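The listed protein sequences derive, respectively, from chains A and U.
Residues in the first sequence are numbered from 113 upward in steps of one, following my numbering.
Residues in the second sequence are numbered from 113 upward in steps of one, following my numbering.
Just so you know, the hints here were simulated from the structure itself, not pulled from any lab data.
Being a predicted model, the structure only gives us computed values, none of them experimental.
Any given hint could turn out to be false.
As the list claims (entries may be wrong) - Here are the simulated DSSO-like pairs of lysine-lysine, each with C-alpha atoms no more than 30 angstroms apart in a straight line:
1) K176/A <-> K251/U
2) K342/A <-> K639/A
3) K176/A <-> K465/A
4) K176/U <-> K251/A
5) K342/A <-> K342/U
6) K622/A <-> K342/A
7) K320/U <-> K176/U
8) K116/A <-> K342/A
9) K176/A <-> K622/A
10) K622/U <-> K639/U
11) K639/U <-> K176/A
12) K639/A <-> K622/U
13) K251/U <-> K622/U
14) K176/U <-> K465/U
15) K639/A <-> K116/A
16) K251/A <-> K116/A
17) K251/U <-> K465/U
18) K176/U <-> K639/A
19) K639/A <-> K342/U
20) K622/A <-> K639/U
Protein chains: 2
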Amino acid sequence: MELKGRSIIGWGSGEPGGRTFTAINPATAQSMPPSYVCASLQEVDRAVRLAAEAFENYRRLSGKDKAAFLREIATGIEGIADALAVRTSQESGLPEARIRTETGRTVFQLRLFAQLIEEGSWVNARLDRPDPARKPVPKPDLRSMWRPLGPVAVFGSSNFPLAFSVAGGDTASAFAAGNPVIVKAHSAHPGTSEVVGEVIRAAARTRKMPEGIFSLIYGAGAEVGMALVKHPLVKAVGFTGSESGGRALMDAAAARPNPIPVYAEMGSTNPVFLLPGALASRAAQIAEGMHGSVTLGAGQFCTKPGMVFVPAGPGAEDFAQALMRRMADSPAQVMLTPQIHSAYNGLVAARSKESSVAVVAEGEDSSSVPGARGKATLFAVDAREFARNPGLAEEIFGPSAIVVSCANRAEVIEIARGLDGHLTATIHGTEDDLREYYDLVEILEQKVGRLVFNGFPTGVEVGHAMIHGGPYPATADGRSTSVGTQAIYRFARPVCYQNFPTSALPDELKDGNPLHIWRLVDGSLTKD
Amino acid sequence: MELKGRSIIGWGSGEPGGRTFTAINPATAQSMPPSYVCASLQEVDRAVRLAAEAFENYRRLSGKDKAAFLREIATGIEGIADALAVRTSQESGLPEARIRTETGRTVFQLRLFAQLIEEGSWVNARLDRPDPARKPVPKPDLRSMWRPLGPVAVFGSSNFPLAFSVAGGDTASAFAAGNPVIVKAHSAHPGTSEVVGEVIRAAARTRKMPEGIFSLIYGAGAEVGMALVKHPLVKAVGFTGSESGGRALMDAAAARPNPIPVYAEMGSTNPVFLLPGALASRAAQIAEGMHGSVTLGAGQFCTKPGMVFVPAGPGAEDFAQALMRRMADSPAQVMLTPQIHSAYNGLVAARSKESSVAVVAEGEDSSSVPGARGKATLFAVDAREFARNPGLAEEIFGPSAIVVSCANRAEVIEIARGLDGHLTATIHGTEDDLREYYDLVEILEQKVGRLVFNGFPTGVEVGHAMIHGGPYPATADGRSTSVGTQAIYRFARPVCYQNFPTSALPDELKDGNPLHIWRLVDGSLTKD
Chain A
113 MELKGRSIIG WGSGEPGGRT FTAINPATAQ SMPPSYVCAS LQEVDRAVRL
163 AAEAFENYRR LSGKDKAAFL REIATGIEGI ADALAVRTSQ ESGLPEARIR
213 TETGRTVFQL RLFAQLIEEG SWVNARLDRP DPARKPVPKP DLRSMWRPLG
263 PVAVFGSSNF PLAFSVAGGD TASAFAAGNP VIVKAHSAHP GTSEVVGEVI
313 RAAARTRKMP EGIFSLIYGA GAEVGMALVK HPLVKAVGFT GSESGGRALM
363 DAAAARPNPI PVYAEMGSTN PVFLLPGALA SRAAQIAEGM HGSVTLGAGQ
413 FCTKPGMVFV PAGPGAEDFA QALMRRMADS PAQVMLTPQI HSAYNGLVAA
463 RSKESSVAVV AEGEDSSSVP GARGKATLFA VDAREFARNP GLAEEIFGPS
513 AIVVSCANRA EVIEIARGLD GHLTATIHGT EDDLREYYDL VEILEQKVGR
563 LVFNGFPTGV EVGHAMIHGG PYPATADGRS TSVGTQAIYR FARPVCYQNF
613 PTSALPDELK DGNPLHIWRL VDGSLTKD
Chain U
113 MELKGRSIIG WGSGEPGGRT FTAINPATAQ SMPPSYVCAS LQEVDRAVRL
163 AAEAFENYRR LSGKDKAAFL REIATGIEGI ADALAVRTSQ ESGLPEARIR
213 TETGRTVFQL RLFAQLIEEG SWVNARLDRP DPARKPVPKP DLRSMWRPLG
263 PVAVFGSSNF PLAFSVAGGD TASAFAAGNP VIVKAHSAHP GTSEVVGEVI
313 RAAARTRKMP EGIFSLIYGA GAEVGMALVK HPLVKAVGFT GSESGGRALM
363 DAAAARPNPI PVYAEMGSTN PVFLLPGALA SRAAQIAEGM HGSVTLGAGQ
413 FCTKPGMVFV PAGPGAEDFA QALMRRMADS PAQVMLTPQI HSAYNGLVAA
463 RSKESSVAVV AEGEDSSSVP GARGKATLFA VDAREFARNP GLAEEIFGPS
513 AIVVSCANRA EVIEIARGLD GHLTATIHGT EDDLREYYDL VEILEQKVGR
563 LVFNGFPTGV EVGHAMIHGG PYPATADGRS TSVGTQAIYR FARPVCYQNF
613 PTSALPDELK DGNPLHIWRL VDGSLTKD
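One chain only, chain A, in its complex shape:
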């Protein structure tokens, strides 16, 4: 695996010259060759123009042809799994085993989208049949389906260097819908980005895709990314990262002469509610699961449960004690980047200074060892102080959580009502608990994209029913998901054809249903 350190722009490469940067191994704080050259604004423009040209061809392809391209990428990624296990692990600080699992998730996603578009019913084909005899005016023949948007800009995330990055869910769903993709590589893992990018480019050539269907842009600051979001030919944006970064892209997209949708998956603290019956019967077991979920991957999951609400009563103290013990026994873990480690330390230090908050457990301290190792930290506060201090509900990205003691049911409900948008909320309870706290479920349905019962929110299943989204600030657009097959609808829009001859219609809408897909005909689903 020879790394070149250049942007991938269609079939060509970025020019040398200009700013450079390197990956940093967060475990050693050492920089890793090669140097990566930041793209110029001219190169960004070229990538987008190539994408717009490629769109003219790519949007015409059948689901089968696009699926073959996605499968080719998946096979290519499997072919470099060993190399990724080494380089990605070095760039991200994540263990090799995790990288291998994430590689599997990445190829699974690509193949799931391939299957979806090969089957074809995702386009939501609808036919309202004509009635020439209708009075006072004839009823027209109307047929509609979802079509691609055009060039999509995807921002790779730091915490999933494969599954939410160059060939991750945003790219897979944008390609599946029929759009070219320009990826802004995350600067924490440029080598991983390059090798995956080369796999996509090779797959594009093998499958005879048009030049510009894919480009990969490097940039060390915000300039290159902003240029992408503001480019008149870019039609949508996918992003996974911080709330401040996501909001900056949202604001830039909303201020364009022609605003475009931004799908930013941002901050989330993923509240966990422990209800009395569950707490009384399995406090220690919940504490074990909670600890695992908080510290998994050094707490660097967007679904990490960062706050847990514990009503007073049997089991409450057992839960707190058990969680404290486990957090105190936690080894320090390498974090994704020195910057993320430093931001984590800063947020933990600031929260530690809050007079109403107690630091109740700290894990292994490795501050004397080189490298970006995060110390597990558990905070505690009571519900009234929590309600007074909105900062305590904000995400601390890393292996930390806060236990919030609630005096009674009313405090639990009041806290739930006061929550902002999150990706997930979790309830531990019995069926009796759920009946007693029926309003808790109703409140949380309005706050999150996914409700978890007697489990933990980390581990986001990729499937048809998954929703990985939620109201702002969890995401920019709570009507969408960035995981699972419904993610494809972020990068498509419906188009209607009135009184078109069948020869000029897309196959999905032709008489006789030649693709044998599900269609809504006069309001009824049918494959006829």
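Could you slot chain U onto chain A? The hints should help.
The following block gives chain U in isolation, referenced to the frame of chain A:
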């Protein structure tokens, strides 16, 4: 029908005092009693708070119960059809026959949404079944469906005082999805708004809906509307009107601490392309249809075809001459408001002064008669000048259009490529034409929400396949439609339930499918 002139705020009324305004009959320029009192900001806040409280109950209702409410509104509107035919006609300048047709459309929409939610499959229920034996981790039980957003602000339009106003498509789809609605009445037809609003309130009481499910707010300027859009408890906005008005709401919504979606249906010039075969065989017939569509309702439809592209060749001159004759013979028509009439006159005057543009036909001039009567005006320009002057592609709201002569196929294609977003595009052609101009269809698919073949874009059918949307600036969000059953998705978002006991799930997701709706189970549609 006794008009009170007050906002409707839940079961109560707006207070007297503060600014007032009256309706103006545009045919006579006379003001019509009573005076309407603008809502105070406190009243806006109260309406939104009541809506947020009502949401807690309304969102729980079954599809059948919400459908009964919609049907009650429809029946109520039918009961006041005679009164509407008089008052709405006076307030809007639209003929009584048109008002009766629009009343029919309004109740049809309400009943179509009632049918949709009674049947229930619209929620897009998805179940991914669990696999406890899966390695390395068990596969969870995941179920998702679309749920309502919360209070929706709807801005009534001037040009559809019934079908896109107080009980129009936005309100019907927001109610159907499970949301309370606060309507900002359009100041052009306050009396119509009040009587329809009272019908909705009566239906809400009859069907035992919670107070706040509906409010109707009057305001003469932008203040009241902006307060609605910026209110923290408002979750989405529906708007039909001008590009400047829609963009102001979009910008305000995007700048909120928690941005919300705005569905603004704004400016559109609805390009019409005449292809050689059609032009050669039926130039006069197309001119007749074009004239009817341009002047229908005094040209005040959002789908009015405002520009027609005519390639040189047989029939081109016949078309132009026939259209000119018909436009010259057009009677002046009363427009919706004195302001709209004056804006129309201003835009027509400005375009008349463009040196490259010719005024080739003018209809009846009624400037000596009182009242806001619009004079039909036809412009002509050649393609090269058109391409140089982007203002010529902008909407003139009223009975006007521009004929653009194209020297050849290349000019037609270049113009199509340069178009902004529109609601519709129309092609007149033979099947041979479509083959020759295959790229025209491909380009227009990217520019509009609906493509019309051998017809005219006015007359927007309400059904399952209709898309009344299109890329910016036609709408704020080209991924949506404001007409037809898919409009419901603007006011909903998906929520996923992981490992929930069936007793705590919504009926749509319960084991055994008690509502007998279509569900996607492990990726396959089924009613089992």
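K320/U paired with K176/U [C-alpha distance capped at 30 angstroms]: Distance ~14 angstroms between K320/U and K176/U Cα, so the pair holds.
Restraint check for K342/A with K639/A, where alpha carbons must lie at most 30 angstroms apart: violated, 42 angstroms
Pair hint outcome, K622/A versus K639/U [Cα-Cα no greater than 30 angstroms]: Between K622/A and K639/U the Cα gap is close to 26 angstroms, so the pair holds against 30 angstroms.
Could you grab the alpha-carbon distance between K639/U and K176/A and see if it respects the 30 angstroms cut-off? holds, 28 angstroms
For the pair we were handed, K251/U and K465/U, check the Cα-Cα distance against 30 angstroms. violated, 70 angstroms
Quickly compare the C-alpha distance for K176/U and K251/A to 30 angstroms and report which way the hint goes. Given that 30 angstroms is the threshold and the Cα spacing comes to 28 angstroms, the pair holds.
Starting from K639/A, check that the Cα of K622/U is at most 30 angstroms away, please. holds, 26 angstroms
Hinted pair K176/A and K622/A, Cα distance within 30 angstroms: Between K176/A and K622/A the Cα gap is close to 17 angstroms, so the pair holds against 30 angstroms.
Between K176/A and K465/A, does the CA-CA distance stay at or below 30 angstroms? Distance of about 58 angstroms is beyond 30 angstroms: violated.
Given the hinted pair K251/A and K116/A, is their alpha-carbon gap at most 30 angstroms? violated, 60 angstroms
Between K639/A and K342/U, does the CA-CA distance stay at or below 30 angstroms? violated, 45 angstroms
Quick one, are K116/A and K342/A close enough, alpha carbons at most 30 angstroms? holds, 28 angstroms
In the structure shown, a violation is registered for the earlier hints numbered 2, 3, 6, 14, 15, 16, 17, 19, in ascending order.
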